[in-house]
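Asker: Residue strings, one per chain:
Protein chains: 2
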Amino acid sequence: MTDTMDISSVMTQIGRKAKAASAQLAFASADVKQAALESAADAVWARRAEIIAANVKDMEYGRAKGLSDAMMDRLMLDASRIQGIVDGLRAVAGQDDPVGKTLSEWDRPSGLHIKRITTPLGVIGVIYESRPNVTADAGALCLKAGNAVILRGGSESFHSSSAIHACLVDGLKAAGLPRDAIQLVPTRDRAAVGEMLTMTDYIDVIVPRGGKGLVGRVQADARVPVFAHLEGICHIYIDTDADMQKTRGVVLNAKTRRTGICGSAECLLIDRAFYDAHGAPFVQDLLDAGVEVRGDETLQSIQGVIPANADDWGHEYLDMIIAAKIVEGVDGAIEHLRRYSSNHTDCIMTQNDATADRFFQRVDSAILMHNASTQFADGGEFGMGAEIGIATGKMHARGPVGAEQLTSFKYIVVGDGTTRP
Amino acid sequence: MTDTMDISSVMTQIGRKAKAASAQLAFASADVKQAALESAADAVWARRAEIIAANVKDMEYGRAKGLSDAMMDRLMLDASRIQGIVDGLRAVAGQDDPVGKTLSEWDRPSGLHIKRITTPLGVIGVIYESRPNVTADAGALCLKAGNAVILRGGSESFHSSSAIHACLVDGLKAAGLPRDAIQLVPTRDRAAVGEMLTMTDYIDVIVPRGGKGLVGRVQADARVPVFAHLEGICHIYIDTDADMQKTRGVVLNAKTRRTGICGSAECLLIDRAFYDAHGAPFVQDLLDAGVEVRGDETLQSIQGVIPANADDWGHEYLDMIIAAKIVEGVDGAIEHLRRYSSNHTDCIMTQNDATADRFFQRVDSAILMHNASTQFADGGEFGMGAEIGIATGKMHARGPVGAEQLTSFKYIVVGDGTTRP
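Residue numbers (my numbering), protein chains in the order written: chain X, 1 to 421; chain W, 1001 to 1421.
No lab work stands behind these hints, which were simulated from the structure alone.
Sample of chain W residues facing chain X (criterion: CB under 8 Å; computed from the structure):
#1 1026
#2 1112
#3 1114
#4 1122
#5 1245
#6 1338
#7 1366
#8 1376
#9 1394
Each residue gets a CB set at the ideal place from its N, CA and C atoms; glycine is no exception.
Construct the complete structure from the given sequences, taking the supplied hints into account.
Answerer: Next comes the structure, spelled out in structure tokens:
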């Protein structure tokens, strides 16, 4: 396509086709959807040379554009990563079908029988950055839940995403599903994103996948509902009744296992009584592992801890840095979280279940952990199969967004000529 | 308050107080919320003379403003309507508490135990028109679900709503709950509505209750998520396998029981084969009952049926008028519904379950009826106790919105020092 095409009319066309496809998908059987995803997995493996050749083009483009090493790594595909894509498609294919499930049913004195059953949401728009595998993950999850999807990948991964998308379309065709069920925006023009965010007639929900810049823009500009989180500022509160051994293991894992993911810990809140009695060997563990610890005045007495400033509270580092602070008991931690939590994932370390309950009741994050690493904040680890992202809003989808969260519901009301008095 | 006060700062204050109250309400026990609602019911009955005196002022204002008889009737309160308000409050008080319920729970191979539990949504904004009883219904449902609520009633019911609101606050105080849990916007200034629609920092969801003018404005201007329906254009499809007796009963009830509610039928779709074989005595029933029937060419051969024009398809009359049309089987009905349904409530009359299933799968309305009157589209009839409205969106709340639909959820993840490999 040329740069002079009219983006608005291209996107409207795509939207119309997606809406038409979604009407077909709404009643596609579980078997047919599963077959489409399995055929797509076969196609990705069969066409891997083609995908890698497309990826080489993207890598050249990325190098010319001066992408960082980290971004180049995210972009890169090899046989093992393609195997990962194939495995992901098969995993979603094998999941329970989330559509047509009876959520609840009951009888009424009027003689009516009422059932609440799951339905697809309709059309999902996914806007993502450089990782080309998102094309397969997002396409598969949306299809599994009976939704049509419009994928808008990053410009860097344009050729790789197109090659993977072609395999998904192979799968749709093999299963007899409409090829417009999974569409990829056929242009790098950024105006396409602006169109998607306001296509309320054609798109039911937007899922942005990427950094804070992307998500922030989507949340600010979208007229279509958005499932997303802006930041994952995960806290660990270490209570007076914490077990030191468990705390050391969890803190080190939560910060250092992978620092670049949204579930990595960014701030420690340490109960004053616990600190006075036991010190903070978990802070020493972090220092030993090469983490920069930014502490409040009390914690600065530990050698190697540097002073935190006001900006460090509620800060997402995504790096080998952590903030740390003394608080007055669980209520002090709750107060800090009310102000600084991003409502993604927060953790309490305690052997006292009553204290954990107080924390659970009063902290309103999508995911609350007790004696477990925040790095578990992940749809796969939750047993949801793949996830399309983690949402921190309170509407509809919250926490890891898997196929089940990409459904809505309707009521089926059965009578026998029943009239209302 | 004077007209010169700064509405924006007044609303921000109200928003802040609501948010602070919602943090307290989130962990209010079921007993305390129930006690607050029962005390509020007592207060409404004890202070009924005061409420009626306030209502007299509103009625005078309404008369001076030249309100229609229908609107004056909606505004009017007497002892029996106040008894209705008291009964409504007690009914919500007695419902199961929807907060803290375990929606699902499971174990993971990692050793984690995951629970998904219901939580309040936070702060609800309710914008309504002349019925003063909405003050009590909406306030009670929001409180039951642990939410703070900001009520903005119609200017006509200003004094009545204020008097009822005072009783709700009595209930909160008696139970030791923050009085800011239920606030009423203390001004008739319409600018307050504009503020509410954009207070994304303080309001989690807006529920508009009223006519198309109000709902349309809210849907167009809100930056806060909205639970609502714009129109209830309810259809009844009469299939070739319909039972005539049942059809006659349901059609007459669905149109004429009450014409002004969102669940009243606005259009009949009649299968051609059924019509050719049996005629349309249900159309005659409607004519006999004084309903104006606007039919397509075929149906105009019935004496008394007047011609429908293009505007009659997808039209909400809320009156003794109905549109009627011949279609080609269930697929013809589905095609008409895809174009004209407002996705509120649609009904199929058939003795053929396979045809009903086809209709259920392919029509995506919030409520689908089988052999039952569309007038059952109501939270009370669904057994949800009171409802705050009916939503046709696909996100979060759909169909009747009761206390359960005013909750969100979070995940509680319990480990034992569990770290992620």
